[in-house]
Amino acid sequence: MDAEREASRPPVSTNDSANESFRLTVDQAAGVLLVRLHGSAGMEHTEDLQRRLLELPGKATCRIVLDLSDLHFVNSAGLGAFIALYRRCREFGGQVALARPREAVAQVLRVTNLDRLMRIYPDPEAAIRDLQTQTPVGGPSA
Amino acid sequence: MTPWPGSAAFDGQTPGSAANTMTVPSDFGIRDSDLIELIVPNNLRSAKEPERRIVREMIRQGYDAETTFGLKLALEEAMTNAVKHGNCNDPSKQVVVRFYVGPRRVVVMVRDQGRGFCPEKVPDPTSEENLERPNGRGIMLMQSYMTRICYNQTGNEVWMLKEKRAGRP
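Top to bottom, those sequences are chains A and B. Everything in the first sequence is counted per the numbering used here, starting at 145 for the first residue and increasing by one. Everything in the second sequence is counted per the numbering used here, starting at 34 for the first residue and increasing by one.
With the rest of the complex left out, here is chain A (with noise of 0.2 Å):
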């Protein structure tokens, strides 16, 4: 299990400062959304990101996982596309975990201390797994 999970860790050796593509998959998994970013949330995409992440939340699917493994690159818009689905999920009684991040991408939350805002997880099945445990509380006034 631990080999595997070293295999399938994500490289930080390969310079991918050039890929600009960027594209977002979600899939639900008992009650957890799993929200898959990949490629580079450069500045050119980070509006689209946050209109999608914030189309997310609702009462039934305020519990969100979102997997960066395969997210090269963020900046600080991006940074508050998470913030903003963060705060969006709480108002619905739930909660935001990121998953896997590449060392780049796990040094800008440290440095941003938003690592002390949403928890970081190893991998995914993980964060999933503690999600589950909770239940959605309150919700918003309107």
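One thing to keep in mind: the hints can contain errors.
[As the list claims (entries may be wrong)] Taking lysine to any residue and the SDA-like style, the derived pairs with C-alpha atoms no more than 25 Å apart in a straight line are: (1) B:K117 x A:A162; (2) B:K197 x B:M173; (3) B:K117 x A:S165.
To be clear, the hints were calculated from the coordinates, so they are not data collected in a lab.
With chain A held as given, fit chain B onto it using these hints.
What follows is chain B alone, placed relative to chain A:
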């Protein structure tokens, strides 16, 4: 992050004109004539072009992934600030980028046509009370990932220096 001495006056209105061309900070280790200048329309899509050229050249010159990532991040923050905050998304405005990519260092200047700002007055985004704010991390990230950054007196022009790490190819 302080203004450097000897900066020429800049009216913040006409980027790219000879009268407003400033010199590279003396401790950045290059000459003004080493810089390549690009003037781009004031939108984020156009603002990617300088980034593409700089990143491509860094990869060609063998900069490692971490250094290239940091430069790309700082440049995106500077360009976003210039387009959105400096030039207020005004499509009639432009952004000036001057850059140098050499074997030991990268220098980038970004200038907008805005009124400028005081970087010291931007709240610390890493403090507990600001963690949930969606904005305000750009300058801190530029400072964190660059070897040195500084602004002109007006605050509408930022210079960034990234040195290649010792012991790296």
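Taking the hints in turn, this is what the structure says about them:
1. For the hint pairing K117 (chain B) with A162 (chain A), the CA-to-CA distance comes to about 23 Å; that is within 25 Å, so the pair holds.
2. Pair hint K197 (chain B) plus M173 (chain B) holds up; C-alpha atoms about 20 Å apart against a cutoff of 25 Å.
3. At roughly 22 Å between alpha-carbon atoms, K117 (chain B) and S165 (chain A) fall within 25 Å of each other, so this suggested pair holds.
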